[in-house]
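Asker: One-letter residues, chain by chain:
Protein chains: 2
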Amino acid sequence: MALLVMKFGGSSVCDAERIFSVASIVKSAFDEGNQVVVVVSAMGDTTDDLIEMAMSIDKRPSKREMDMLVSTGEQVSASLLAMAINKIGGRAKSLTGWQAGVVTDTTYSSARIKGVNDRRLMSELGENNILVVTGFQGITRTDEITTLGRGGSDTSAVAIAAALRADRCIIYTDVDGVYTADPRKVKNAVLLDEISYDEMLELSTLGAQVMHNRSIELAKKYNIDLEVRSNTGEKPGTKIMEVISVEGMIVKGVAKDENIATVSVLSIPDKPGIAFKIFSLMAQNKINVDIILQSEGRNGTQDITFTIASNNLDTAVSVLEKNMASIGGQGLKIYEDVAKVSVVGSGMQSNYGVASRVFGALAGKRINIRMISTSEIKISVLIDKVDADKAVSAIHDEFFR
Amino acid sequence: MALLVMKFGGSSVCDAERIFSVASIVKSAFDEGNQVVVVVSAMGDTTDDLIEMAMSIDKRPSKREMDMLVSTGEQVSASLLAMAINKIGGRAKSLTGWQAGVVTDTTYSSARIKGVNDRRLMSELGENNILVVTGFQGITRTDEITTLGRGGSDTSAVAIAAALRADRCIIYTDVDGVYTADPRKVKNAVLLDEISYDEMLELSTLGAQVMHNRSIELAKKYNIDLEVRSNTGEKPGTKIMEVISVEGMIVKGVAKDENIATVSVLSIPDKPGIAFKIFSLMAQNKINVDIILQSEGRNGTQDITFTIASNNLDTAVSVLEKNMASIGGQGLKIYEDVAKVSVVGSGMQSNYGVASRVFGALAGKRINIRMISTSEIKISVLIDKVDADKAVSAIHDEFFR
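Chains A and B, in that order, give the protein sequences. Residue numbers for the first sequence follow the working numbering, so the first one is 19 and each next one is one higher. Residue numbers for the second sequence follow the working numbering, so the first one is 19 and each next one is one higher.
So that you can see chain A by itself, here it is in the shape it has in the complex (with noise of 0.2 Å):
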């Protein structure tokens, strides 16, 4: 007997018809001998219409009274769930986050989850319940109602397995697994069997949406067994884990981020601690920055360009504004029409064929490398907006065909 976590997103019960189909997939799991745990996101667009009515009475809402809103969304899916096992003959009770023990910090709309107190969800095991618990929200210590913000369910997935010691959390969603690349968009991309937690992180922080970047971070933290596979059939997917097989292929997917901008302070004087002062202002203002490239300008002075997401910019660039004197610096220059594009695949570091590789086909497709980052599992090239899914396809050709 094994302890599954299940979860499905909101186009997985869209309706009573795919309600119907995720209850049987369910309640297969537990007449195999499971105990199951399911976790439901809301249904198809209703988070989408809750902020809309919210929008009707103020274009900003207070945070805490938009989660007492969308987390209804999950409230209404889970009981519907919960019902159609029961009408299939399962027996199945809905929790919501907090009668799931679901606690998090008080940051409303993107709170973290603190840790889930288990003792409800194994009573409720112990007495052969399938659970069907809301995804994406939680309670704080303060008895108020969190969200964990766009995809948390997954992240509460994780939580849950790893709260309960899980055997494995499977994700089923829209698409078959993880694949090498897009597979809307490269026609030859490969369903891959199995990745590791890194470079599942790489590629899901790459725009790559098949699960929540904080729900890698989870799973990796506790070492819990994913599986992403799809939510219409049986057919295995792909497992998520922390050491793969050293064998097979070195690179694992070649994934585009098309949200990015770079800005450049242009002529700074050569002292140091001007580098520091530039991305300690960045950080004040919570903006994550990416590829960093350090040029030569005139007169001995210096040009630093970095990237950062395009939602950043506006803030980015007011606060450069403001500091300029303090920089010392003679302007900016921004460009957005830039897109990155990366391979991920562990042990990439040790195999230098591999970058060049990557250049090559760049190269033969003519298109021009702006900056290039690399770390222990990636590859990232800088480019123009208009070469981005070329790239991927050259890229993807080289390591895949």
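Don't take every hint at face value.
Unchecked claim - Short derived list, chain B residues pointing at chain A, Cβ under 10 Å:
#1 GLU83
#2 GLN117
#3 VAL121
It is worth saying that the hints were derived from the structure and are not from the lab. Ideal Cβ positions, reconstructed from N, Cα and C, are used throughout, including at glycine.
Following the hints, put chain B in place on chain A, whose structure we already have.
Answerer: Just chain B now, with coordinates in the frame of chain A:
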């Protein structure tokens, strides 16, 4: 400084415009120096929509899961109302039934409030917050979400008023207050300034759907100053209290109940214990019996006729038929096309004139009376359903023309 509990029903918060209108009534009360707890129902048809969703899954869903589902309706309206109050410059916080400490028994879908733990409500009020509490729902001692059944938000409001020792509990509705008859049907209907709990209870039971029955019982028990008034303006409505001015009208209202049927058990042997047996059977099956008439049948036997709510008819008939042998009766006779018309008013018993004026009014319209029942504050007559509206008008004209 007074502590007010203000309750708004579903039609009062059915869209953004109405929500803002409620928000401004609430904020005005707060700005006048009062502490304010608002109790709110689900928006417009939300509850019906949720029930419809459940029916698409299971025609007879688990009541526990139904309560999980429908309780989301008030959470939505409460958070939106809190947003609206904040938007117009108030300081509001929404609270679910469990956050507000409303503890109920475990009868899902028609739970009874066992008490309100006022700790959080009092501390939030102490911090100068306007509180918006979800009506209609509570939590059991084992952390299960329950609902109080249709109209339960009135009961929530009164229970919270009792727990907080509120100075007043105001029920805002679609009508201006309590009338001497249904103003949509009787054009001379008069708005009452005040009415006693008992009179209101009788009118409520009789289908004058201004307030939920249990809420009035509770208000009477804790002697809560109740007021029913319109949700559109600031017109005074009807005060409901223990003792009302001795002067003035004896008759407070005329109401009808068409959800009624009569059952006759025919030719019962005239010996002790048979009537007891019949009404014990009804009680065991949770069927309330209203008017009872015992009359002579053939050959020294008796007929016993009584009225029950129409929706109990099937159960009553099947129980009686099953036990007919031990009752010793010769058969059943059912009438469904009946209505009960009642005149309500304190001190009626000591005013013999009232009954004869009622009978006179009906005779004047040639309306036949099937059964009569009187109490301290009520005279009810059972008549044919086709005559019901005519009877209400005739009696109302007699006392209020």
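Asker: Decide, hint by hint, whether the structure agrees.
Answerer: For each hint, the structure was consulted:
1. Checking GLU83/B against chain A by beta carbon gives a least distance of about 5 Å; that is within 10 Å, so the hint holds.
2. For GLN117/B, the suggested interface contact is upheld, since its CB lies about 6 Å from the closest CB of chain A, less than 10 Å.
3. With its C-beta approaching chain A no nearer than about 14 Å, VAL121/B sits outside the 10 Å limit, and its interface hint is violated.
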